[in-house]
Amino acid sequence: MTGQEPALGRLDSGVVITLAGAAVGVTAMILTVRNGLTEWQYALTFGLLVAVGEMVQFRVDRSRNRAPIATSAALGYVLLRPPEVAVPPEIAQAVAVTGVATLVGVLPRVIAGLRWDLVVSSRRVVSVACAAAVFSAVTPPGLYWSGTWQDAVALTGAMLLAVLTAAVVDAFVGAGQTTERYNQPFPAALRDELVIAVRIGLAMGLSGVLLAASTSLIGLWAMPLVVVPLLLTQFAFRRFASAQRTYRTTVRSMARSTEIAGFSSPGQNARTAQLAVALGHDLGLTPSRMEALEYAALLSGVGQLALADPSPGGASLLRTREERRRAAEIGASVIERSGVLDHVAEIVRHSNDPYRQGRANNADIPLESGIVNVALAYEQLVGEGTGQSPAKAMESIGLGIGAEYDPVVVESLRRVIGRGFRF
Amino acid sequence: MNSRWPLRLTVAISTAVAALVLVVALLHTRLDVPIVALGLLLLIGVLLRSKVGPVRAALDHVVCIALLLLSGPAATVVVAVLLPLTQDRRLPVMRRVFNGAQAVLCAAAAGFVFVSTGGERGDAVLDAPGQATVSGFAAIVTWLAVNASLMCLVLWLDRGSTSPLTFLRKVAAPTVIPMTGYGLLGLLLAVVWIGGLGIGAVFLVVVPLVVARWALSLYEAERNAQAATMRAFIQVIETKDLYTRGHSERVSEGVGMLGRRLQLSEDRQLALEHAGLLHDVGKVGVPTSIIRKPGRLDDAEMDAIRLHPARGVELIGNIPFLEEVKSAVLHHHEKYDGTGYPAGLSGENIPYFARIIGIVDAFDCLTSTRSYRPARGVEETLDILLQDRYTHFDPNLVDAFVAVIRAEGWGAAAAEQLAPDSSIAASIDHDDLSLGSGGGATGSAAGPEL
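As you go down the protein sequences, you meet chains U and S in turn.
The opening position of the first sequence corresponds to residue 28 in my numbering, with each subsequent residue numbered one higher.
The opening position of the second sequence corresponds to residue 915 in my numbering, with each subsequent residue numbered one higher.
FYI, nobody ran anything at the bench for these hints, they're computed from the structure.
All values reported here derive from a predicted model rather than from experimental measurement.
Only part of the chain U face toward chain S is listed, based on derived beta-carbon distances under 7 Å:
id	residue
1	L252
2	Q271
3	V367
Positions of the beta carbon are idealized from the N, C-alpha and C atoms, including for glycine.
Taking the hints into account, I'd like the entire structure generated from these sequences.
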């Protein structure tokens, strides 16, 4: 996103995760081949479900693809018990089935040229292995679905523990990846991952538990009973994801209107937003605040449309401060009128306030306004390679620290630029 | 009043039958744990009264199907009586009584099908899971079929605003697959319950339902946000010109009316309304000085105006709308005789949506105030449109539009009109038909000279 290249010689976390997943998968494969496959019909059915789930993966948030059905199926396979499944799958077998099925599911996507992500798939293999280990550790061999409530409750507890382990492991790995990729502070990244784990992870985990419990009780007849509702829910999420994409592109198009009208140079809003997002990650904002920040950075210029003529070259630094603040005010009131972007409007409203007259004395003004202010200024100075050098721009922004710009944000900018951020 | 007696009779008969079924069921019901627990669950649901109707309905449905396997048809019928309690209390009593009867009849039919296809209950479910699955599925489908048939019957007798066909198309068809699918969770609930987990099974089953509901509400929120943002977007564009304020929303409303008359599918109806809303976004690329210029425009300025459809497509090109939205924005200034812009398309070569928007666009412009002339009356404007059939507009669509406006009226315009004001040096609207060379039609609609 920031266009940063990982430093040479440093091992990218994606590579590490993929290697770990591959190592776990291959080891499990070898063990399974040596010990022989038990209950092949369950291995085949669950493997098939994992593969299908992998094939129909989709993206809800911006960060990565998700394959909830594959995860539920893999977890479900791990948690199988008698009576229907006479010999529950060994840890190695469960991991091997997940791994092979994942590869089988990804293959069609690769061939069709769709988005695929081996890192996410590897994360699943690793967290499923953890779930399998925990489940077999806490479940006595004799415990099965005997029909008594004591056994049922004990099994459900063990399954929930296993699923929870998988969710926490995945959250840690995910947070590590986010920290590395977006330079977000690790605690903030972990917090975001855990929020996602509670929302989506819980559902995937419990679906896995439901799948395992019912399959252990009635065998493969449970398959359609769980899979059909899962597919319906996934369909609802996909619909949501596509509505979200439409919405995002609408906001982007709205932002581009200032470019088409000649108030800003091509790509100016996108660059400002890109920098604002990098700053927001660095400062550890929550995802919802990040979204508002990005929109505010994109839309910070729309108020100019109400001013009569574009300034040449779109450099709004050339305007007087009063004019800029008036434009920000108009922009904010227009954005506010939509009724759904109030927070964005608030950020835009104060995005041209100098720090000393704004945030320094008024705690109600959001930090995001300060971020957009700095991002706008830096973009104006550096622009699309035609402007000043980053060091020079950094220097002139440093002169305005505390008066014009928020010191916290300028520090963050220094870090972000120092890490090699370029438009 | 007289015409309502078949409806009342039907309601009375079904209520009586339902009452009879209920009494028989009560006699056959033994109070057991599932009845009490799930009945209480439904009642708690009544108290919580969630805002998202469909998922609540799904949960009720799930509970009833589970009861069928846990305690048998009689118990299901008894608990089904509770279902209408979960409905809005402001509904008329007759509606709620009928809904109660409807639930009882659905449960009875589903129970009958379940038993007659060999469905077992209790521990026997685990011994013959295939049988239970098949019979359970048949029961779910029966429930939905009986429900839909009763609804259709009542709607047909009611002769109200919703026809049975509309109900089937708008309500029954989109919900049949989710309701069947989530009904399967009822079977699952019963299986896990019987497997030993008891009431704890409800927790496992409710979570997928809640997540489904969450996805649904996210989708709705996103859709609303999208609509609101597009309106805000339009307002940004319209800040450029005082007199065209509200034009895009009115055009969107007008094409919406015409689209409903033309019975477009739901997707296309929405796309058409979007296209109506966005048709002039490209005006943002036309210099404000030209848009606000008083008096007539010279050729160069007119050329700048003529660019606005292409500008609009450039702007919205990335938004994943139906392709029709983009072609409509690009071609909404084409004329039926081929003298429009930008491509000079004629007749049926002009995209359908573009032809529709062209009509409503012109209509709204004429019925709105411009600085150089007052608004025209609706009837007068419709006559102008009718005169311009074939030259400017698609004749069939004009006829349809005129029919819609005459039938439903046009309330949008009069609301917030500025008075014509000679002190404001405002521009000539590029949509204005009443001006010879202002970008509008030639001929019959010659307006006041400036």
